[in-house]
Amino acid sequence: MPSIIPIIAYVLFVGGSYVVAIHLAAPKGPRNDPRIIKSRVIRVSLVSILQYHLAQYILVGKLRVVPDNNALLQILGLKSLYSAESSKQIYNTLKLFLILFAGPVLDLVIECDFNFYSHYTSISEAIRDLLVAPLTEEFFYTSLTTGSLLAFELSKRNQEDLTSYSPALFYKDPSITRYLELSPLVFGFAHLNHGIEMYRAGHYWGQIIGVCGFQCLYTTLFGYLTNRVFVNTGNFWCCFTAHSFCNFIGFPKLTTEGGLPYKILYWGLLLAGIYGFGSMFDEVTHGKAW
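According to numbering that gives the first Met the number 0, the stretch in the sequence shown is residues 0 to 289, in order.
Keep in mind that the hints were calculated from the coordinates and are not lab data.
Treat the hints with care, as some may be off.
List of simulated lysine-lysine pairs, DSSO-like, C-alpha gap at most 30 Å [as the list claims (entries may be wrong)]:
hint, residue 1, residue 2
1, Lys252, Lys155
2, Lys27, Lys37
3, Lys171, Lys87
4, Lys87, Lys37
5, Lys262, Lys252
6, Lys78, Lys155
7, Lys171, Lys155
8, Lys78, Lys94
9, Lys171, Lys78
10, Lys262, Lys94
11, Lys94, Lys171
12, Lys252, Lys78
13, Lys78, Lys61
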């Protein structure tokens, strides 16, 4: 039986390489400086290409937890973006997250807050937040990280009985619960690198610990949600869509402007969104639209 230790080492290497790519010998400056954004976009794009080829070499060639490159594409969730099935899954995922953020979405509509420059100071900042960051982070911290652990589990099965190497084979499979719950810690801890930027900007240690601790907590939780989307759909693009949408919406406000009736409506939508999201999650992401 193959050992999981090399897989864990590989997963930690993948997660760490993203942070190293951003900070190693990198130019100094505020993270929203277009010069810094350009540098980081180039760096994470190049390391993403490198990590895909390393996945072929390590998972297929060395560890042999994936039989071939076609199976590797499947376990990484890299389906065709333009297939009817993939489009439906992406659409259902987006609807589900719209429900979760029903309150903040209502705020956007009421305030008509669709001005680009009220959300972003530059085009490069929007490209980073809505395209490059969700694309590369989901590739590293969902596709490669969780996908590698799922590949390890599939490698222990009779290969002749497998009809595919899709993550969706593990839909509602309790044997992988520990992977879905623990692998997001790699994503959460990766966000502790923001503490480096805060320290350079002169923030106090108490502020750095508080902000980074909160970021680590909610990004770990978000990583668990995208893991669930990944396993339910077997589709990387659904995870990317959810991540990009959540980056645009941001963390929901607990308070909002307006009179008491509107505030009650907003809070009610927050609670209803959480309930609807949780109760319909498996049904909708697994392909049964309401």
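Quiz prompt | Violations among the numbered hints, reported as their numbers in ascending order | solution = 1, 4 and 12
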